[in-house]
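Here's the letter readout for the chains.
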Amino acid sequence: MQKLIDRIRELLADGTVARVLGWRTGDLPYNPEPAYFECEEELQDFVYNGFCGANLSKYMIEASRLEGKTLVCLKPCDTYSFNQLLKEHRVDREKAYIIGVGCKGKLDIEKIKKQGIKGIESISGAEIEEAAESLTIQTIYGEKTCAYKDAMLERCHVCKGKEHQIYDELIGDSSDTTDADRFAQVRRIEAMSPQEKFAFFQNELSKCIRCNACRNVCPACSCRKCVFDSTKFDSSQKANADSFEEKMFHIIRAFHVAGRCTDCGECSRVCPQGIPLHLFNRKFIKDINELYGEYQAGEDITADTPLTHFTFGDAEPSIVGERG
Amino acid sequence: MNKPAKKQAELIREISGVNPLKCMKCGKCSATCPSYDEMDIKPHQFVSYVQNENIEALVQSKTLWKCLSCFACVERCPRDVRPGKLIDAARQIVVRERGADYLSPDEIPELLDPELPQQLLVSAFRRYRR
Amino acid sequence: MSIEKNEEFRPKIVAFCCNWCSYAGADLAGSSRLTYPADVKIIRVPCSCRVNPMFILRAFEKGADGVIMCGCHPGDCHYSTGNYYARRRMTLLFSMLDFIGVENGRTRVEWVSAAEGVKFSATMNEFVEKIYSLGKNVRLEDLRCRS
Amino acid sequence: MQRIGVFVCHCGSNIAATVDVKKVVEMALLEPGVVHAEDYQYMCSEAGQAKIAAAIREKHLTGIVVCSCSPRMHETTFRKAAERAGLNPYMVEIANIREHCSWIHKDMEEATKKAVILARAAIAKVNLNTPLKPGESRVTKRALVIGGGIAGIQTALDIADAGYEVDIVEKTPSIGGRMSQLDKTFPTLDCSACILTPKMVEAAAHEKIKIYTYSEVEKVSGFVGDFTVDIRKKARSVDMDKCTGCGVCQEKCPSRKTPSEFNRGLNTRSAIYTPFAQAIPNVPVIDREHCIKFQTGKCGVCAKVCQAGAIDYGQKDEIVTEKYGAIVVATGFDTIKLDNYDEYAYSQSKDVITSLELERIMNAAGPTKGHLERLSDGKAPKEMVFIQCVGSRCSDNRGKSYCSKICCMYTAKHAMLIRDKYPDVNVTVFYIDVRTPGKNFDEFYRRAVEQYGVNYIKGQVGKVAPQPDGRLLVQASDLLDNRQIKMEADMVVLATAIEPNPDVRKIATMLTASIDTNNFLTEAHAKLRPVESPTAGIFLSGVCQGPKDIPETVEQAGAAAVKAIGLLAKDKLLTNPCTAQSDILLCNGCSTCANVCPYGAITYEDKEVNDHGIRETRRVAVVNSALCQGCGACTVACPSGAMDLQGFSNRQIIAEVDAICR
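Residue numbers (the working numbering), protein chains in the order written: chain A, 85 to 408; chain B, 207 to 336; chain C, -16 to 130; chain D, 73 to 734.
Be aware that one or more of the hints could be misleading.
[Claimed, not checked] Restricting the straight-line Cα-Cα distance to at most 25 Å, the calculated cross-link-like pairs of lysine to any residue (SDA-like) are: (1) A/246 - A/88; (2) A/198 - A/88; (3) B/291 - D/550; (4) D/578 - A/386.
Source of the hints: derived by calculation from the structure; they are not laboratory data.
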């Protein structure tokens, strides 16, 4: 991290960039938050560790409108999102100085808590310098340990790879964390009976409190005004939510980002109710891959997006029923 | 050959992967065939027989054993009907029926004729190896 | 979800038809007096590519028991490519609905040309029959009800 | 809130016999916004329309719903009636209670219930309708014809005769096209040049026609009535104004080894050349790739011999930009390459030729001066074989799936001409089917058989094998006699499939005209609009739309001209107001919509917006309503809901859905 901070200082000092978009230490040891840094002093709070899961690319929409260049720290998976935004003309490449930061998998505090570790005071082992095998956690009940792998976010187990898709320079090493099948969960649900599927989603979606965190964090949900907030579509706003969007919110949202979602997994990470929202997106990705050929949003910004493209021989919609 | 003709025709279509209805009866298969004169049912007729589900006649025909499987007809058929594949499939049906009238490997040396094209042997081995 | 006969289940079925082919096909079914159940109500759209997946979700949420979309045959679109986009959108949407446990039989896409009155009527008869066999749609109406 | 009137038509007994129209009126009155409802025997009649007009005036209606037959039948009628009564025509909606209700249901109660719901949906929609006004766009009274073959020439002449200016853009150095390469034409055996040349001259002399030869369309922008086209005039290296067409340069040119395009490569031409004697314009071009001066810098013979001083080695390509109201595509065809058909030995023997090559051989101006002879040894053939359907009617990816349509007739022509001129030559035609629909066509074919003794055999040829003695072994089947034929021939002529000119795909993309998998341009309607492209202002002439013979091509060329004239005759065009519109405040500028627009109607502009007090410049989508045809693909692709379709808006359709499901 020191090398990263030194380089950031340098670029800020020589005026290459006007500000830095990174992570700031939060009020708890495991909740760093996205922040702008505009001067040397503010960098005191700069942090980059295993808990810096937040994808900063969406903030670049805003930063693209600011004076001068913004230095942004992007993890490998974040660069897909940045690329996708670039493709949609939502960010300005000229306004961004991208430091591709290394990633050894990001941590999920909920997974730590699920292991019965409570009253956390500090955590070590999350710094990215060390190839930490385990986390040492000081709690009010004493010291606990937890394997790094067991605390990793679901998305890191199915990581797309640690190669940055776009950057100005790279700092820090990455290590491969992929050890699971990205579509295993989707397949498991596909194999269920309609009754089971419905019960599963009804159970999950019933937890939704419509806090909109998933939407607000999603780099693909970058509309100036969301259709759910727009009167033009007659799907009313949160305040006077009618039943339509209450029920369909997540499906509509998934459809809106279909073909554009990079599977960054932020929706599931930020959901306070722990709903596995990424399943919707991944279902679309799996279908797109199977029906229209492998496609990874944000990988090649010149590629045709699956929903704005077609071939004469595309599968008929009846394939859904036929493949069982 | 106790299965109903319809079933067998279906089987031929299945084994060969050919839709005989695509045939436009141009006769290029028969024009192309090197064993034409030896055959009682000509390649283009073979397609019609499958279309008409007259399979009994096919399995009894000389054609089945005169086709060299050179696949010239398969190569040149403009409609992708591939008569050679149909003949091949009919042969498969016969071979699969135990006790039916087909050659055993022991009989072959005696039947070998120096005039016989090498290709025939090669394709025969290819087929009966299974 | 079996429906008992005496319940008098009458499904609500929404059919989106493109103006140039399928709507005309439905007109032809009408002028040829080819009957199909009155449960089907047609909404005219300029092209199948105008059908937003939201409309279909909206219909289900408002109590529709089945939604069918008809358009020109691939390659015959009045706007040349509209139905190709529609085909992808609907395939993905139907797959998603299937994924969350909504019976696939409740959604359907059929390509019907202006000359295919017979096909239009036959398709509607078939679809309605399917919806009768599936019964009332309850799942989409309350996907997010308390458990 | 709208003030809506509902008008329920009995359509005699067509509706009223199965739908209780009174009940529909009664129920309609309960719907929000409805202030008036009535029923009448025939709403489309004068009296019915008068009722609608009266109600509009008396009740100050802002919208109406007519429950009647299909909108495809009388929507225009009722819209016009409303307009006459002072109501915006787009405030009219039709509930189709005839084709979609009374005619298909037998039970009165059921049909009535459905009619009520259909009316309810239409009322719900009208509640959200807004008055729409068709836009106007101007018409540039000049047409562009792409391609200078018989199709292009005919279209241009017809348009010019109607008094409009026409430009022809032709890729090669001369107009004339394929027809100029033909020797005789079926079914009357006219000399092709004799009937074509006068047309070429007429076009060249016509004061309204301007011909750009050796030129290509480079770029097209704009839309119906107002296209802007860049034409690249390739450097001819000869000054068109100075050249007298004396031909001395061509005689003296020392570079003579270039295969002649006009003679299908059967002989050679000079580097400075006109494709054929009757070329129009009669001004040669220098083929720079083969010109010694251009390749080595040393020569300049043509400049030395040119009395007129017309040779200009320094000439450069020139881009001309012109405006047009209508564009006619007449790009024609070529024969397919025979690389996939090794069995016919086309590449192995000079004596296996295509039919188009035979045309050149038979032609007095051709490589053999019109003598039928083998190209390998110059000997006169005794046995000739014609093979039909080479590359046509193939579903195996080697050839084309369609029938090329002209081959049966030109083969009959060739066979007849050969038997007529060389009675000692045996002619055998191997065919799959002989297809001769057309006036005097079958009679023509029968004459070849009956009068000229051409031997027609049903059965395709399997292979053609060159023999050591130079003759050709033809192995075929005779399906009717059920025998295999092995015969020797001196020449084999392949009726090679035709395909659209390969350049047409590029042109179609420039014009956003749709094209099928075979590269034929798609017509707007297979039966009712065969010479129009679905893209407004683009018309199709000749083989670019599908295989055609000369009479059909000329017919279609005339039809395309009429359609173009119909457009040019208008001073202004009314545009369909049901177009997409983007809400500037919602638009993300993401370009998704432009990707799905088949008409290229969406562009992006940096626009100053005032978003609730925040002033900034944003990249936003702008729809050109003159180009937009209103399909709505963009509205669904748009992630933010900024794009909406007037007349079929999201809210309107959702209101209909709600009304039906209520």
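Which of the numbered hints are not met once you compare them with the structure shown? Violated hint: only 2; rest satisfied.
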